[in-house]
Structure formats: structure tokens, C-alpha cells
Amino acid sequence: MIADPPIRQRRLRRPAFTATRVTLAILVGLLTLTILPFGGMGAWLIGYVFLVLATCVALRNARRQPGSWLGRRVVRRGLVGLIAVTCVVLVATPAPSNTSDTGSTGGGLLLLVVFLVVLNIALGGATQRVAAAPDSSVDERQEAMRNRAHRIAYVVFAVAVGGTAVVADVASQQTRSWLGWSFRGGGLFAFLELLFVLPAMVLAFLEPEFRPSDVREAMEAPRQSTGTRIALTLLTLTVGLPFLMSVLVAVLPPRTATTIQAPSGPLRQQPGAPSATTTCREFFARRDVGYGVQAALQLHAQVCWDGRRAVEDYGMNQSDCHPDGTDLVTVATTQCTRTTDAKGTLAFTYRTSVSSGLTPFLTRQVTLQLVVDRNGNVLQFP
Amino acid sequence: MSRQDGRGTTPPTGSERFYNRIAVLRTERGLSRQALADAVGVNYQTVGYLERGDYNPSLELAFRLSELFGVPVEAIFSRQPMRPMSEELYSRTASAGGG
Numbered sequence: 002m003i004a005d006p007p008i009r010q011r012r013l014r015r016p017a018f019t020a021t022r023v024t025l026a027i028l029v030g031l032l033t034l035t036i037l038p039f040g041g042m043g044a045w046l047i048g049y050v051f052l053v054l055a056t057c058v059a060l061r062n063a064r065r066q067p068g069s070w071l072g073r074r075v076v077r078r079g080l081v082g083l084i085a086v087t088c089v090v091l092v093a094t095p096a097p098s099n100t101s102d103t104g105s106t107g108g109g110l111l112l113l114v115v116f117l118v119v120l121n122i123a124l125g126g127a128t129q130r131v132a133a134a135p136d137s138s139v140d141e142r143q144e145a146m147r148n149r150a151h152r153i154a155y156v157v158f159a160v161a162v163g164g165t166a167v168v169a170d171v172a173s174q175q176t177r178s179w180l181g182w183s184f185r186g187g188g189l190f191a192f193l194e195l196l197f198v199l200p201a202m203v204l205a206f207l208e209p210e211f212r213p214s215d216v217r218e219a220m221e222a223p224r225q226s227t228g229t230r231i232a233l234t235l236l237t238l239t240v241g242l243p244f245l246m247s248v249l250v251a252v253l254p255p256r257t258a259t260t261i262q263a264p265s266g267p268l269r270q271q272p273g274a275p276s277a278t279t280t281c282r283e284f285f286a287r288r289d290v291g292y293g294v295q296a297a298l299q300l301h302a303q304v305c306w307d308g309r310r311a312v313e314d315y316g317m318n319q320s321d322c323h324p325d326g327t328d329l330v331t332v333a334t335t336q337c338t339r340t341t342d343a344k345g346t347l348a349f350t351y352r353t354s355v356s357s358g359l360t361p362f363l364t365r366q367v368t369l370q371l372v373v374d375r376n377g378n379v380l381q382f383p
Numbered sequence: 090m091s092r093q094d095g096r097g098t099t100p101p102t103g104s105e106r107f108y109n110r111i112a113v114l115r116t117e118r119g120l121s122r123q124a125l126a127d128a129v130g131v132n133y134q135t136v137g138y139l140e141r142g143d144y145n146p147s148l149e150l151a152f153r154l155s156e157l158f159g160v161p162v163e164a165i166f167s168r169q170p171m172r173p174m175s176e177e178l179y180s181r182t183a184s185a186g187g188g
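The listed protein sequences derive, respectively, from chains V and L. Position 346 of the first sequence, counting from 1, maps to 347 under our numbering, and the rest follow consecutively. Position 87 of the second sequence, counting from 1, maps to 176 under our numbering, and the rest follow consecutively.
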């Protein structure tokens, strides 16, 4: 036996402010600051952030166990694929805007970024953070692998980001403008993700599969401890929950609440109405889609009729066609029309296309419609 | 020993390949891979790579293994496929006795 302890892999006392801890603290701070403006988002998002943190802690404890499910090549490559897909979705996500009817994009963006954080933590556990590890905590084989991953990542990054930027800049005016706004929205996060995490992604992709003999002979301990099972459960929940809630937006039947009441305020003066025989009613309808990842659409209008025709007193204009509240979904108005036919029937239609930021390919049409004839009969509501 | 200059995931082939007796020596001493990895300061997976000849160690690591097992480096590593230790020992003993 050799007398001196080996140089590498020596247990070092970890400093209090490691890069990981500082990054986590910044992320938690950013998330808190981001969540505060979304006060109506509900407790579920805060709960989800706590789930993310619990998953991060569990993954950190599970990472060094030989043969752990997290180190399997199929899991590693799956994580790389998920991160790549998330980056593509991020690039396609526009910047949050207060003026657009898709102002809810900020919520979708937040969800994607949280999702990306979880995937990054999982990837770090799967690769034992070799990609960013100092020389003192990796052996020579891992150091060689890390260096190779960084070289490949450098080329991939240059081709992916540089190539995309060059092609977009010269292709057309449209792609040039896309290049401008892509870095103000999710594209910035995708850029930072690739900049900092691509070496770990390459490493996770390249590293060969565990050999069963390596695992068997390395440790006599069982392959999956309670800690790894908990980590697996939490990771499944953390990754699956946003997808499940996104799918529910498209699948669950909407919840509708309506009220019709006498006007609560004074009538506006309009030509032709109101007259002595005019009757008015205030209509209120609210339609909610999804849980957690959700949108609330509302129609609030006052309609008057006098036996000759029905007219709107207020609430059926373009400015009324916007969602009442959105949590992590995109709402696009597809129809906002008000018509009065020859028989004096008033029809108002507010139709939207609702989709989650995480599953933009799953959309749902939600319609609010109010049809009142000249005698005040409500033919359709909502 | 040649360091694989960044090709940590590509097994050495042809003239780059070294043969070794690490698995035999480890088993003889009743060490698990984890124990050997801890003793020479590498990851347990690296021991598997070394034993299979999928990774050629640095000179430093080769000497650490040599000191740990108490045998010369050339008894652990070779550029030619290695004969079983018992066969090699017997042939040496026989040639020493005959000479």
C-alpha cells in the first residue's frame, strides 16, 4: 500500500459560497421577484417553486450513487433532448408585452425558465457536474472527458448561435426583425443556457453507458436508495406537472359563470336609444379554462332594446376583447365582432385561441357570445 | 503511459492500446473497485475503464497503481497481451531452475 494519500479526489472543505449555491440564491430571488407581479397567479406557482427546490436538493443528494437511474445514458440523453426542445420553445417565445393581447407570455416564459432550471439541476446530477468541476475534484479521465466536451461545445455553440444569427441576418427583413426581438424574449434565456450548459449537455450525451459490472463491483449497496427514489419521484412530478396542467388547458371543459341584472349605473346617451320604452340589462359572463395554467375570459356588457332593435350601451368594442386574467398561457383573439341584423338582433362574439406556453401546439378555442333580439330575448349567452 | 489528451470517451485502439493486470491484482488483494478507486484517487468508473483497457492511465497514475500493488509498472502494463500470471511465474521459475 502506498503511504501518501492520493492527490486527486481528496476531500476538500467546501466554501460557504459555492457557484451552485450562489446561482440557486440568485434564481430563487429572481423567481420571487418575478412571481410578485403575478399576484393573481395563485398559490400553485409558489408551491411549484418549492417543489423545484425540493427536487434540486433531492437530486444533489442522489447524484453520486453508482448505477443511479440519473446516470443512465437514456436519462442523460433524454435530459439533453428536453433542454434542447425547451430552448427552441424559448427562442420562439416573444418578449413579455403589456400592450399585446398575448401579454400573458411573461407567465409562459417564467414557466419555461423554471422548467429549464429543473432540467439543469438534473443534468448536473447526471453528469456529476464534471463539466464545471475544478481540476481538484475530477480524476484524469474525467478531466480529459470534460476538456473534450468543452471543445465540442465550443464548436456546436459557434455553429448554432453564430450560424443562426448570420443566416437570420442575411435571409430576409422578416428574419432580421426576428433576430431583434428574439434576444429580448426567451431567446436570451436560450442563449445563456447554451453558453453555460452546453458543455454539460455534450458531456451527458457523450459519456458511455454504465457497465453493469462497474456498478456491481463498485458498491455493495443497493442501486436505488430511498433518496434516489424520492429524487426520481420529485423529478417526475416537477417535469410532468407543467405538461399535465398544460394539457388540461386543452382538455378540461371550461367553467362558466353568468349573471344578468338590471343596470347598476346610469345609461349612456346614444342616438336612437334609450327612449321611454327602452329596457336595459347588464350582462356578465366569465369563462375559465384550465387549472393553475389557466385563462379567464370575461364579457361585461349592457344591452338595451325597445322592440325595434337591440343596441349595446357599453362593453362590446375591440377594447373589451381581452382576457381578464392569464396564468402561464397565451391568449390570442381570433374574433371580436358586434353586429346588428335587419331584424334588430344584436350579436357580439369574442373568440380566442388559448394555449399553454409549454405546449403551444395544443390550442383551444374559447368563445363568449351574447345574442339579444329586439324584444330582449337572450338567444345565446355566453 | 500515454495520456489520452482529451479523448476520455474513446477507447484506445491499435498501437495506443495497453494491456494490464489491474483486475487480477485487485482481486488478489480483495479490493472492490470503489476501494481501489479511493486508494489511487480516481472515480470508481475510471477503474472499470482501466481494467477493460478502455483508458490508458497517465504515468503518475500508473506509478500510483504500481506502488499500491507493490509490483513494477511493467508487471501491470504491457503493450502485448499479457499471459496469465501463474503461467509467467512458472516459466520464469522453470527457466531459472534450468539455467
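If you are wondering where the hints come from, they were derived from the structure by calculation, not from laboratory data. Treat each hint with caution, since some may be false.
Said to hold, decoys possible - Interface residues of chain L toward chain V, partial, derived using beta-carbon atoms under 10 Å:
1) F107
2) T135
3) G137
4) Y144
5) S147
6) E149
7) V160
8) V162
9) E163
10) A164
11) S167
Please read all numbers here as calculations on a predicted model, not as lab measurements. Built from N, CA and C at the ideal position, the CB exists for glycine as well.
Comparing the hints with the structure gives:
1. The closest approach between the C-beta of F107(L) and any C-beta of chain V is roughly 14 Å, which is over the 10 Å cut-off, so the hint fails.
2. This hint holds: T135(L) has a C-beta 5 Å from the nearest C-beta of chain V, less than the 10 Å allowed.
3. The criterion of a C-beta within 10 Å of any C-beta in chain V is met by G137(L), whose closest approach is roughly 4 Å, and the hint holds.
4. Because the beta carbon of Y144(L) sits about 5 Å from the nearest beta carbon in chain V, less than 10 Å, this interface hint is met.
5. Against a cut-off of 10 Å between C-beta atoms, the interface hint on S147(L) holds, since the closest Cβ of chain V lies about 5 Å away.
6. Contact between E149(L) and chain V, as hinted, is supported at the beta carbon level, the nearest pair being about 8 Å apart and thus within 10 Å.
7. Residue-level restraint check for V160(L) is violated (minimum Cβ-Cβ distance to chain V is 13 Å; threshold 10 Å).
8. For the restraint placing V162(L) at the interface with chain V, the shortest Cβ-Cβ distance is roughly 14 Å, beyond the 10 Å limit, so the hint is violated.
9. Checking E163(L) against chain V by beta carbon gives a least distance of about 18 Å; that is not within 10 Å, so the hint is violated.
10. For A164(L), the interface hint is violated, the least distance from its beta-carbon to any beta-carbon of chain V being 16 Å, above 10 Å.
11. Annotation: S167(L) was flagged as interfacial toward chain V, and the flag is violated, the nearest CB pair being 20 Å apart, outside 10 Å.
The structure does not agree with the numbered hints 1, 7, 8, 9, 10 and 11 stated previously, though it agrees with the rest.
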